[in-house]
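What follows is each chain in one-letter form.
Protein chains: 4
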Amino acid sequence: MTERRTGTRLRLFTAAVEVIAEQGYTAATVDAIAERAGVAKGTVFYNFGSKEALFSALLEHGIRRLADAMARADGTTGETGVADERDAGAGGGALEALDAVVMAQLRFFEEYGAFARVLLTEMWRTAWQDAVAMLREEALGVYAGVLRRAVSEGAVRADLDVETAATAVFGMVLTTSIERRALHPDRPIEQLHATLVDLLHGRVSGGPFTG
Amino acid sequence: MTERRTGTRLRLFTAAVEVIAEQGYTAATVDAIAERAGVAKGTVFYNFGSKEALFSALLEHGIRRLADAMARADGTTGETGVADERDAGAGGGALEALDAVVMAQLRFFEEYGAFARVLLTEMWRTAWQDAVAMLREEALGVYAGVLRRAVSEGAVRADLDVETAATAVFGMVLTTSIERRALHPDRPIEQLHATLVDLLHGRVSGGPFTG
Amino acid sequence: MTERRTGTRLRLFTAAVEVIAEQGYTAATVDAIAERAGVAKGTVFYNFGSKEALFSALLEHGIRRLADAMARADGTTGETGVADERDAGAGGGALEALDAVVMAQLRFFEEYGAFARVLLTEMWRTAWQDAVAMLREEALGVYAGVLRRAVSEGAVRADLDVETAATAVFGMVLTTSIERRALHPDRPIEQLHATLVDLLHGRVSGGPFTG
Amino acid sequence: MTERRTGTRLRLFTAAVEVIAEQGYTAATVDAIAERAGVAKGTVFYNFGSKEALFSALLEHGIRRLADAMARADGTTGETGVADERDAGAGGGALEALDAVVMAQLRFFEEYGAFARVLLTEMWRTAWQDAVAMLREEALGVYAGVLRRAVSEGAVRADLDVETAATAVFGMVLTTSIERRALHPDRPIEQLHATLVDLLHGRVSGGPFTG
DNA sequence: TATGAATGAGCATTCATTCAT
DNA sequence: CATGAATGAATGCTCATTCAT
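Residue numbers (UniProt numbering), protein chains in the order written: chain X, 1 to 211; chain C, 1 to 211; chain U, 1 to 211; chain W, 1 to 211.
Note that these hints are calculated values from the structure, not bench results.
Virtual Cβ for every residue (Gly too), placed ideally from N, Cα, C.
Treat the hints with care, as some may be off.
[As the list claims (entries may be wrong)] Residues of chain C clear of chain X, computed beta-carbon distances all greater than 10 angstroms:
1. V30
2. G75
3. R107
4. W124
5. T175
[Stated by the list, open to error] Straight-line Cα separation of at most 25 angstroms, BS3-like style, residue types lysine-lysine; simulated pairs:
6. K41(C) x K51(C)
7. K51(U) x K41(C)
8. K51(W) x K51(X)
9. K51(U) x K41(U)
10. K51(W) x K51(C)
11. K51(X) x K41(W)
Working from the sequences, and respecting the hints, build out all of it.
Dropping the structure here:
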């Protein structure tokens, strides 16, 4: 693939997320995407073959980057790199990591807010099962991993439904990211982060003594 | 409005949520909606004027019912009805109410799962601002009210961003409801409820002592 | 036919000419006509059976009244009622009659301007052949009759194409009536009449001596 | 604009006048127009954007050609090119020009009879105000100019309402052209021309001596 | 005699896709 | 590699007509 072609494809990705974030997949027209990318309509089909293929590629591209960002945040949290060496005594590793991953997700959505919207609205369509599977494995997987470690550290009750909790955290961050973008775009992201980790750490309800 | 007409409109509501939940607003065709409702296509336009108006009416209808269910759950939670009489000692009023409202939202989405999908995917379109405003006021408002009571009871730190927290809880319940419907439709709803209140009450992280 | 029904039919005639004058036959909807007449849509079909039948009836009704007005104007112009008794010496009867008929057509279109519009735009559709035949016979027929008398009076050259000339005069009056209604609705009708008879009597070109 | 595209647009013009002449603007379907032009329906919208825009463009196109033909006929009528040098003695310039313009209008409508029909039936809709303004200025303007010259030559009484007379002549030619096309399509056009100039020059009524 | 809810064929318009250049 | 004119199936919407009340 030539460099020119790669550039065209990236411009189309950017244009497509924006347009699809604004209108939704079905309502977004190839014409609008091509126009925003500054190319002719035919070029979209020359490069991707179909609107659906463009969107699939775009979803995978975005999900991989999101998952990478989250995994990176998890990986840099004072962990030893060997899972079974982590424990509750190791500086509260898992819960600290949870906060870091939440922050990474927030940051990613701050930078790629349009992608957050696309994810939220299209994630549940049966059409993109592959991409969704990837999201579940790679992005939700990071949360699940963190929570599993928290269980093994004893920081969390042993019978927690880790998969569901991962989805809950992910959905909470996703929803509030979008709301922030729509309603309070210039509030510092740290503020939102503080609210969310408060909720997650029980500093809202005051913990076990009052719950 | 005749009884016949009212019946037709309700049948159209039901058909429309289902089809739109499956395909999204734009991809859902009026033809498909009419067919599922068992009426002619013209009947949709005779009754609502446009696809958009049908959807607006449907959103309002659903949001009002959801908000009612949530408010009812809040209202029946051992509260005295006089705000300033509530306190942390009164059986943990606000936090107990929070659990009840979460349960109400879960139950509503269990019964009207299609509506949950529609809400999640269409809530952010600028087109439905009125409905969204209503959702924010009436449904999110219930969570905000509960959290405000929790603040005044001292069960929650005083400077919590109540609005954002309300959105976070709502989004968490919404997201997990949809996932449950897609992946584990016959798991008892109580199980999901337990996971969520664990998260919210800090029984996940072990509360302030470990967080 | 009861009186109530007759009233309904007349109200529908009036409403229909107005709406059709504004929009044209095809674009005029039965809904709009019914609404302007203050009856339900079903009533139109109850009374006329179809949109087309309503329009046919309306055309005949209007054409008959126009033709009557024109014939009356012709009849009151010092003629004896016996064609062969008229001659060029009888005070220029035919040309005087021509002026009077033009005036009658102008007056009719002043009062029923909407009908003029309808006539102009729908007269040429093959759909209304019966009505058009009637127009040709009864309304254009009056002009043709006057012109034939003018020929026999010697006031007009003998080989004039009387039918074509009748159409020309009718069309001239029709066109200018509509223009007047659109552009100069409060100019006195006599002024338009003067311009037209000037054209017809050669007082424009100054007659044979200068032409 | 490519040559291919220009050709498509012209084919659509031709097809559209024909279909609209037969059915009227509203009743003419884009399907029928596309089919007659031998292109797909989408091509109409690709080229003009809407049925209304196609019709507007078509009206302007036709009116400009008509006005050109009329102006050319006026321009070639033994005039010296300097307005104030024209006078009644100069071979009856203005009235001769009037005949020539009438002939030009007749010839144009003979070649583009469908356009005559379209003009007559759609000219009065408020929707096409721009085109109508153009018709008034450019086509009726030719008649008005001729008549004004006739006034200044003294061939016509000084207080003639030149605008109205222009409309009257135009309407007369238009109406009779259409009738000829419908009833006597193979009569020579010169015969119709003779009848009309007879009317206009007072050779019908015998001029001032008998009027 | 009149009504208005319901119908469905028909229409203008959109848009993903193709292909000649 | 890229373009944009052309396509036609699909869609939202209109409206004359029917019919139960």
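**Asked** CA of K51(U) to CA of K41(C), is that 25 angstroms or under?
**Response** Measuring from Cα to Cα gives roughly 23 angstroms; hence the hint holds.
**Message:** Checking one constraint from the list: CA of K51(W) to CA of K51(X), max 25 angstroms. Satisfied?
**Reply:** Violated, because 28 angstroms separates the two Cα atoms, which is more than 25 angstroms.
**Request:** Decide, holds or violated, for the assertion that all CB atoms of chain X are farther than 10 angstroms from the CB of W124(C).
**Result:** Given a closest Cβ separation of 6 angstroms, the condition is violated.
**Prompt:** Going straight from one Cα to the other, do K41(C) and K51(C) come out at no more than 25 angstroms?
**Reply:** holds (11 angstroms)
**Item:** chain X versus T175(C) - minimum CB to CB distance exceeding 10 angstroms, so not interface
**Value:** violated (3 angstroms)
**Message:** Minimum C-beta separation from V30(C) to chain X exceeding 10 angstroms: can you confirm that?
**Reply:** holds (14 angstroms)
**Prompt:** Would the least Cβ to Cβ distance between R107(C) and chain X come out above 10 angstroms?
**Reply:** Given that every Cβ of chain X is farther than 10 angstroms from that of R107(C), nearest at about 17 angstroms, it holds.
**Message:** Does K41(U) sit within 25 angstroms of K51(U), going by the straight-line distance between their CA atoms?
**Reply:** holds (11 angstroms)
**Item:** Beyond 10 angstroms from every chain X Cβ - status for G75(C)
**Value:** Holds, because the least Cβ-Cβ distance between G75(C) and chain X comes to about 21 angstroms, which exceeds 10 angstroms.
**Asked** Does K51(C) lie within 25 angstroms of K51(W) when you go C-alpha to C-alpha?
**Response** Status holds; Cα separation ~23 angstroms.
**Request:** For the pair supplied as a hint, K51(X) and K41(W), confirm whether the alpha-carbon distance does not exceed 25 angstroms.
**Result:** holds (23 angstroms)
In summary, the numbered hints that this structure violates are 4, 5, 8.
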